[in-house]
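Two independent chains are provided; combine them into the complex using the hints.
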Amino acid sequence: MKSRSAFTLIELLVVIAIIGILIAMLLPAVQQAREAARRMQCVNNLKQIGLAMHNYHDTHNCLPPGNRSTLYATWALYILPQLELSTIYNTWDFNSGASGRTYSTAPNLAVAQTRIGIYSCPSDTPRTNVTSPTAPEIPHHNYAANYGNASLNQQISYTGVEFKGAPFGNVQTDASASVTNRPNRGAVNFRLITDGMTSTVMVSELIQGSGFDGVKRADLRGRIMGYADGGYFTTQNTPNSPITDWENTNYCVPPVPTGTITFTNSQNPPCAQTNQFSYMQRASRSRHTGGVNSLLCDGSVRFFTNSIDLNIWRSAGATQDGEVMGEF
Amino acid sequence: MNWRYLYGNVCVLALCMIAGCSRPSDPYDRVGFSGEVTLDGEPLPAGFLYLEPMEKQPTQASAIIQNGSFQVESHAGAVPGRYRVCIVRDDVSDLPDGVDPQTPEGAAIADKLSRAPTLKPLPEMYNVKSQLEANLESNAENSFAFHLKMNPSPPRRK
Chain A
37 MKSRSAFTLI
47 ELLVVIAIIG
57 ILIAMLLPAV
67 QQAREAARRM
77 QCVNNLKQIG
87 LAMHNYHDTH
97 NCLPPGNRST
107 LYATWALYIL
117 PQLELSTIYN
127 TWDFNSGASG
137 RTYSTAPNLA
147 VAQTRIGIYS
157 CPSDTPRTNV
167 TSPTAPEIPH
177 HNYAANYGNA
187 SLNQQISYTG
197 VEFKGAPFGN
207 VQTDASASVT
217 NRPNRGAVNF
227 RLITDGMTST
237 VMVSELIQGS
247 GFDGVKRADL
257 RGRIMGYADG
267 GYFTTQNTPN
277 SPITDWENTN
287 YCVPPVPTGT
297 ITFTNSQNPP
307 CAQTNQFSYM
317 QRASRSRHTG
327 GVNSLLCDGS
337 VRFFTNSIDL
347 NIWRSAGATQ
357 DGEVMGEF
Chain B
7 MNWRYLYGNV
17 CVLALCMIAG
27 CSRPSDPYDR
37 VGFSGEVTLD
47 GEPLPAGFLY
57 LEPMEKQPTQ
67 ASAIIQNGSF
77 QVESHAGAVP
87 GRYRVCIVRD
97 DVSDLPDGVD
107 PQTPEGAAIA
117 DKLSRAPTLK
127 PLPEMYNVKS
137 QLEANLESNA
147 ENSFAFHLKM
157 NPSPPRRK
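First to last, the protein sequences are chains A and B.
Counting with our numbering, you get residues 37 to 364 for the letters of the first sequence.
Counting with our numbering, you get residues 7 to 164 for the letters of the second sequence.
A portion of the hints provided could be inaccurate.
[What the hints assert, rightly or not] Sample of chain A residues lacking proximity to chain B, with all beta carbon distances greater than 10 Å (derived):
#, residue
1, 162
2, 194
3, 302
4, 323
[What the hints assert, rightly or not] Mimicking BS3-like on lysine-lysine, the simulated pairs with C-alpha atoms at most 27 Å apart in a straight line are:
#, chain 1, residue 1, chain 2, residue 2
5, B, 155, B, 135
6, B, 62, A, 200
7, B, 118, B, 135
8, A, 252, B, 135
9, B, 118, A, 252
10, A, 252, A, 83
11, B, 155, B, 118
12, B, 126, B, 155
13, B, 135, B, 62
14, A, 200, B, 155
Hints were generated in silico from the structure; no laboratory data involved.
A quick note: this is a predicted structure, and the numbers were derived from the prediction, not measured.
Note that CB positions come from ideal geometry on N, CA and C, so glycine has one too.
Looking at chain B on its own, in the form it has when it is part of the complex (with noise of 0.2 Å):
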C-alpha cells in the first residue's frame, strides 16, 4: 500500500465526518423584502419596521430603517403570505439631566415622561393599531413605499 493513498483516504474520510457534523438549517422558506418609508414627505431618518402574520404565519420580521429605505435579506425575512406592517419611530433621546430613574422620585418622572413624550412617537395607526399591510410573495421583488404621516389621516399604500 502507498503512503499517498492513505494519505487521500484519511483526508475523504475527515471531510466526510466534518460534513455530517453540520446542523439542520432554518426549516422555512423565508423571502426578503425592502422598501422605503416617508414621513410627510421626507425619508424617515431611523426607524423599525415589523411584518406581524394575519393569516397564521409561523414567521415574523423586522426591519431597520436608516434615511427611509429598508432592506431585509431572504435568511432574515419571512415566509409568504400577508402580513401587518408597523412602523416605530428610533428617535428616542434619553431621560434629562439629574433624573435618576433608580429612586421612586426619578423613576416617577420617567413614568411620566413616558407617558407624555416630548418627542411624539408616531401615531398609533401606523404601530399599535396599524393599517398598513404587505403581501410577501416568493418569486417577487417585495418593493414597498409607505408614506406615513404625523397628523393621521387614512393611510395610502402602494
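Pulled out of the complex, with its shape left as it was, chain A reads as follows (with noise of 0.2 Å):
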C-alpha cells in the first residue's frame, strides 16, 4: 500500500493526550500564581493598615484603642484619616456612647456599611450578616488587631495562660463592659512593648464568619467596624488552629454541630459559644496555604506558618513577656 503523508489517528489522539497532560500540569500552577498574586495584595493591606498605626502613633503619641466599649468603635475607625479615609472619619460620631448611638444607629451605620478595600483580603470571600431579620446587613472585613496571648479579658484565659501585654485593648468600660470582662486598660504607645517592636504582631487575619438562622444565631467574626467583638484576635492559639474560637453567646455559626448549636456553616472556622464572655477567644486564620500574613510593630509584614512553635507563637502576640520572638 502506498504510504500518505499525514497523521494516524493514533498519533493525533497520543498528541492529544501529551497536550492534556501538558495542560493538567500547567492548570494548578496558573491557579497558584493567581493565589500568590492574591496573597500579595493581602500583605499590601497589611503594610497600609501598618503605615496608617505608625502615622497615627506620630499623630497622637499612642496606638489607636482596641475597641471602646461593647459597641461605639474600634480601632479600625481611629485610623480612617491615616488611611486617607476622613470622609468616612468624619462621619462617625465618636461620642456615640453619650449620645445613645452605637455603631449599628444613624450616622454610624452608613459607615459600618461600607466595605473598606484596604480591610479586605482578597483570598477571602466577601461576607456580609444581621444580627436579627429587622437588623441592617453589615460587610465583615479581614484584619484584627492583637489583644495578645491569652483571651479576650486580658487577664486570664479559660486554660490559664496569662496575659502579658498586648498593643491594643478596651479603653471604656461602662454598663455593656464591665471591668471583669473588658477592663479599661487604655491606649499603647510604643515605649510600652518592651519585647520590641519586631517581636511582637499587631494586626494578622480573621477568616469572614457568615450563617445566619432567621432570628437570633449569626456569625459576626470579621464586623470590625465598630463592634468590639468583631475584631480582634489573641495568640492563645496557633494560626488557623483546629481548636474552637469562644464567641459571644447568639454570636457563633460552627461549621459542625456542637453540645449546644445545631444551626451551621461549612465556610466558618470551628467556634463554640461561651455566657462567659471574659474567656472569648479567638485564633488567627486565614484562607491561604499554610498560614497567615501578620504584621508586626515595626512595619514588616511575616508569614506565620500553621506549624509555627506554640511558644514562639505566644511570645510573638505578648508585648511585655520578657522574651524576643525566636527564629522559626
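Here it is as C-alpha cells:
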C-alpha cells in the first residue's frame, strides 16, 4: 500500500493526550500564581495598615484604642484619616456612648455598611451578616488587632494562660463592658512594647464568618467596624488552629454541630459559644495555604505558618513577656 | 520507537512531577490520646478538653467530649510530654428572648449574665486554674480518666 503523508488516528490521539497532560500540569500552577497575587495584595493591605498605625502614633503619641466599650468604636475607625478615608471618618460619631448611639444606628451605620478595600483580603469571600431579621446588613472584613497572648479579658484565659501585654485593648468600661469582662487597659504607646517592635504582632488576619439562622444566631467574626468583639484576635491558639474559637452567646455558627448549637455553616472556622464573655478568644485565620500574614509592630509583614512553635507564637502576641521572638 | 513506550514514559514523567508537588507535612511527632470525663459520677454530656504544654512543648491540642468520652487521632494530637488538662462544659444556652446585645441596654444585660450565668460553669480548678495533668508518651495508649465534681474538692486523676 502506498504510504500517504498524513497523521494516523493513533498519532493524533497521542498528541492530544500529551497536550492534555501538559495542560493538567499547568492549570494548578496558574491557580497558584493567582493565589500568590492575592496574597501579595493582602500583604500590601497589612503594610498600609501598618503605615497608618505609625502615622497615628506620630500624631497622637499612642496606638489607636482596640475598642471603646462594646458598640461604639474600634481601631479600624480611628486610623481612617491615616488611610486617606477622612470623609467617612468625619461621619462617625465618636461620642456615641454618651449620645445613646451605637455602631449600627445613624450616622454610624452608613460607615459600618461601607466595605473598605484595605480591610478586605482578596483570598477570602466577602461576607455580610445581620443579627436579627430587622437588623441592618453589615459587611465583614479580614483584619484583626492583637489583644495579646491570652483571652479577650486580657487577664487569664479559660485554659490558664496568663496575659502578658498587648498593643490593643478596651479603653472604656460601662454597663455593657464591665471591668471583669473588658477591663480598660488604655491606649498603648510604643514605649510600652518592651519586647521590641520586631518581635510583637500588631495586626493579623481573620476569616469572615457568615450564617444567620433567621432569628438571632449569627456569626460576627470579622465585623470589625465599630463592634468590639468582631475585630480582635489573640495568640493563645496557633494560626488556623483546629481548636475552637470562643465566641459570644448567640454569635457563633460552627462548621459542625456542637453540644448546644445545631445551626451550622461548613464555610466557617470552628467555634463554640461561651456565656462567660471574659474568656472569649479567637485565633488568627486566613484562606491562604499553610498560614497567616501578620503585621509586626515595626511595620514589616511576615508569614506565620500553621505549624509555628506555640511558644514562639504566644511570645509574638505578648508585648511584655520578656522574650524576643525566636526563629521560626 | 514504539508509541507504547512513549505513552509509558510520558505517564511516568507526569507522575514524578505530580509527586514533586506535595507539601512538607506537619513537622511534629504527635501522639493521639483518648479517655473519659465524668461529672459527679455521670458522664459529662458535652464539653471541650484542652492540653496546655507545661514543658514548653511546641504543640497544644483539644478534644471534644461527647457523652463522657473523647478521642483524638495522632495527626491532631500533641508531642509527648506533660500537659495541663483544662475541661470546659459546652452547655451554654442562648441569651433570653428579647435581649438584643446590639443595643447598649441589651449589651449591659448580656454582660451581667456573663458574670453570673444561670448555668453554673465547671469549677475553675478544672480549667482556668487547672490542677489536672496528663503525660503524653510515644508508643503508649495515652488513655486518661478525669472525675470532676461540681463542689470542689481535690481532683482525682488516674
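### Message
Would the hint linking residue 200 of chain A and residue 155 of chain B be met if the CA-CA limit is 27 Å?
### Response
Between residue 200 of chain A and residue 155 of chain B the Cα gap is close to 31 Å, so the pair fails against 27 Å, i.e. violated.
### Task
Taking the shortest Cβ-to-Cβ distance between residue 162 of chain A and chain B, state whether it exceeds 10 Å.
Given a closest Cβ separation of 21 Å, the condition holds.
### Message
Run the distance test for residue 118 of chain B versus residue 252 of chain A: straight-line Cα separation, threshold 27 Å.
### Response
holds, 19 Å
### Query
Hey, residue 135 of chain B versus residue 62 of chain B, does the alpha-carbon distance stay inside 27 Å?
Within the cut-off at roughly 18 Å; holds.
### Task
Below or equal to 27 Å on CA atoms is what counts here, so check residue 62 of chain B against residue 200 of chain A.
holds, 16 Å
### Task
Would you mind confirming whether the straight-line C-alpha gap from residue 252 of chain A to residue 135 of chain B stays at or under 27 Å?
Cα-Cα ~33 Å, so violated.
### Message
Check whether the Cα positions of residue 155 of chain B and residue 118 of chain B lie no farther apart than 27 Å.
### Response
Holds. Residue 155 of chain B to residue 118 of chain B sits at ~26 Å (cutoff 27 Å).
### Query
Would residue 302 of chain A pass as off the interface with chain B, using Cβ distances and a cut of 10 Å?
holds, 17 Å
### Query
Can the restraint linking residue 126 of chain B and residue 155 of chain B be considered satisfied, given a maximum Cα separation of 27 Å?
holds, 12 Å
### Query
When you look at the beta carbon of residue 194 of chain A, is every beta carbon of chain B farther off than 10 Å?
violated, 5 Å
### Pair hint residue 252 of chain A and residue 83 of chain A, alpha-carbon separation not exceeding 27 Å
Violated, at roughly 36 Å.
#### Entry: Proposed proximity, residue 135 of chain B with residue 155 of chain B (alpha carbon, max 27 Å)
holds, 15 Å
Hint check: violations occur at hints 2, 8, 10 and 14; the rest are consistent with the structure.
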